[in-house]
Amino acid sequence: MQVALMVPCYIDMFYPHVGVATLELLERLSVDVVYPKEQTCCGQPMANSGCYEEARATEEHCARVFGSFDCVVTPSGSCTHHIRNKFTAGADSPEKQNLVRNTYDLVEFLHDVLKIREFPWATFEHKVALHTSCSAIRGLNMASMSERVHDPVFSKPKALLSGVPGIDFVEFERVDECCGFGGTFAVTEEAVSAKMGYDKLAFMQKASPDCIVSSDMSCLMHLQGCARRQKQDIPFFHLAEILNGVSL
Amino acid sequence: MSSPVDQAKNAEKFLTDTVHEPRLDKLLWAMRMRRDAAARQVPEWEELRTLASEIKEHTLSNLSDYLIQFEARATANGVIVHWARDAHEHNQIVYDLLAEQGIDLLVKSKSMLTEECEMRPFLERRGIRVTETDLGERIQQMDNQPPGHIVGPAIHKTNKDVAVLFSQKYGSDPNNEDTAYLAGVMRENTRPDFLKARAGMTGANFAVAETGAIVVATNEGNADLSANTPPLHICSVGIEKIIPTTESLAVFIRLLARSATGDTITQYTSTFRGPRKGAAMHVILVDNGRSARLGMKRFWHSLKCIRCAACMNTCPVYRRSGGLSYGSTYMGPIGIVMMPTFEIRKYSELPFASTLNGSCSNVCPVKIDIHEQIYGWREVMEENDQIQVVKKEAMRVADKVLSHPALYQIATATLSTALEVVPHFAIYNRLNAWGKRRDVPDAARETFHEWYRNHRLDTNEGGRL
Amino acid sequence: MNSTQALSRNTILDSVRANQPAAQPMLTIPHFHTNKPADLVATFRESIARMAGVVVTEDVPDLDSFLRAKFPDAKVICSAIPEYAGTIKPASFQHWSDASTIDVCMLRSPMGVAETGSILLSDNELQVNTIAFLAHDLVVLLDPKQIVANIHDAYEHPYFKLRHYSVLMTGPSGSGDIGGVVVHPAQAAKTLTVILSRAPDAGQRKG
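Chains A, B and C, in that order, are what the protein sequence lines are.
Residue numbers for the first sequence follow this note's numbering, so the first one is 306 and each next one is one higher.
Residue numbers for the second sequence follow this note's numbering, so the first one is 26 and each next one is one higher.
Residue numbers for the third sequence follow this note's numbering, so the first one is 461 and each next one is one higher.
These are calculated hints, taken from the structure and not from any lab test.
Be careful, since some hints might not be right.
To be verified - The calculated BS3-like cross-link candidates involving lysine-lysine, where the alpha carbons are at most 27 Å apart (straight line), are:
id, chain 1, residue 1, chain 2, residue 2
1, B, Lys302, C, Lys605
2, C, Lys549, C, Lys535
3, B, Lys322, A, Lys391
4, A, Lys536, B, Lys185
5, A, Lys391, A, Lys432
6, B, Lys221, C, Lys496
7, B, Lys221, A, Lys511
8, C, Lys549, B, Lys185
9, C, Lys605, B, Lys221
10, B, Lys221, C, Lys530
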């Protein structure tokens, strides 16, 4: 099966190894991966700031680059949520409609399309604090929401990671409280954003994990920034890296 | 026209208070947990939410008929019904009712509507003393502060804060921080006013069209005292509070207290359908922008709100910012989507005081799509030119770079420091805002684009590099 | 209605009519009896206990001795029930504020609610509404057969369509406004004691 790989702009710039891990993982699973080189960004930073006019060209470019593929995969819940649910700044077109319909977060692609549950090439004998982004939970229904107390509890990222031998998940409080990144919020409401990040880390650290894992690098970028500022040494991994067989 | 409330700056100030902020955060999260526990006890919880939402949507979409029905039934019961187009008219009606009988003391229970109308200063300027009888409102009144939360107006204050305040106003013991003691001080000092006042005022949680009745829910019993002790009862109610029938009332009563505090019901859930023998009851139906909001396609659902504050309790931004940071009558998530309808410029920054995480929408008992409306308001702010010029310019630059692959790749190719590369939107309003309390991500040796070109370039890609 | 009021009324109604969205239908409201608790009295007792109300299940043959023992310092006992005299009856109060002299008030409620631990009172029982709020302590008789399952059932009671004042009262007054910790009392009754006792004319609901 052929997929187009969308590497979010911030992963492109700061965490290319996550893009590499995603690519390698898909190749291990015999997926034919195409990387359209003219890709840039999905337009989320501008659209989320209310600057719709200023997101138009970027969104239209994105639709042009990816619109002809039957399947687009990206290691980012927030980008997927934006494309699937909020991609309204650009003009309508068949390519745009196609893109909206065919974009998957990596977790969705593995869990729901390929239906993979085992990753025998990987081991990870460590304690993991798993963070799932608000986009993934409430935007993409990738895990149950704590507010909806009668819903069955489930988590697609956790289901996938459980297929890596040795992994041990630690339980921590306020598991689905927002980490505080929130896109441009991180800068426009910097003090609140940082406090939310510091608090999230404190709850996780109380459970003594060996590392922090998420399927959203944007959250991790923020949490890692908070951790490092507090001289906390804890490593951060994108879920793709763990599934691809990274070691601590 | 006021300049916009700088919620971010107010929040930053609140966060420097290492006593009040962590306390508020912990307390309100506990309230959210109590809400969850209460919801767990009701297997039909999600069905009740859907019912409540649909009842409200039905009512609001037939509001003119229901208002007329309410007025007719209430009038038949002996209630005098007034109509107030705006805050000023509401205040004038209240004043006239008091002045015509020479009344100079009014006791009142909690009403966010009267806060919205700024009724107290209006009356006080005209020589009428107003005693807030809700404990939280009273504390805030004494401290000359607006409410910080719509259910617990003084919830951000410590026991010590209250003890000091009471000692200044009531002469009680400033060192006795015991909650029961403080509640007792309030009781002793408020009772005389209940007995003396010749007029009492309440708000309303619901107004039942079928019976012309007003429903008020309190823990303290202060609404029942305010309404039943003096010979004149005045009730202010926003036109959006109408519900069709007593039967529908049950749905909301089952959701309200559980969403607010985790209790199954408030201590006093009272129905006022008509005056006592020898007394008078007046109801003031208030518009103050509500009918206009009804016509806002994307935002009219905010009128379903039953004022439970569950959205505030769950909101991680509210808990770190404090309710006063919003500078508004209604705060937190619901405040963000309501306040711009009152004054768009003053509240133009509020829609950005959110991470759009969506927890609020999940706890809202009437299923208002709060976080989606917050997102919608951002777009409205742009359309109405309420976005700061600097920010808009930064976004324009970002869009130009991000829509042109060549420009983008040039911009990202030379990674000397990450800050130079981060699109301008990240540093538009304060230099190094990201880096104030966080480390900046390390610059990668090569971007993914570059890595791919160096390691995986192959013939079937096409397109420019 | 004066002319300003007529103008306000018409302006508001016109604005509402012009703005209200396309009419959405009303739905049928279920009463959720499938989740009815098996033992209504037990559920009622648990519910009211959570709100600091007290329930007496033993027989109380002599209300006067019961009150004197429970409230030894009470001087003014207002009784709103025919079978007990107390020291004063509600009809004696000339003004609502006069009820502030009451130490203990004795009432009968026509209905309890198991889901919440509430008891219903109205101007029918109270005659002078403030007796239930200015009294420092309340004692309420409730026929256990008049406990309904949930709030949907409660709002079927005719009082809500007929009486001028009715209240679902749940425990003594309280407030959580300071620090989120609920304390008792707040402004109204300090204690609420429910005595489970068969109603004199059980089976008839007063309008």
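Quick rundown of the hints versus the structure:
{"no.": "1", "hint": "B:Lys302 with C:Lys605", "verdict": "violated (32 Å)"}
{"no.": "2", "hint": "C:Lys549 with C:Lys535", "verdict": "holds (14 Å)"}
{"no.": "3", "hint": "B:Lys322 with A:Lys391", "verdict": "holds (18 Å)"}
{"no.": "4", "hint": "A:Lys536 with B:Lys185", "verdict": "violated (35 Å)"}
{"no.": "5", "hint": "A:Lys391 with A:Lys432", "verdict": "violated (35 Å)"}
{"no.": "6", "hint": "B:Lys221 with C:Lys496", "verdict": "violated (46 Å)"}
{"no.": "7", "hint": "B:Lys221 with A:Lys511", "verdict": "violated (56 Å)"}
{"no.": "8", "hint": "C:Lys549 with B:Lys185", "verdict": "violated (43 Å)"}
{"no.": "9", "hint": "C:Lys605 with B:Lys221", "verdict": "violated (41 Å)"}
{"no.": "10", "hint": "B:Lys221 with C:Lys530", "verdict": "violated (31 Å)"}
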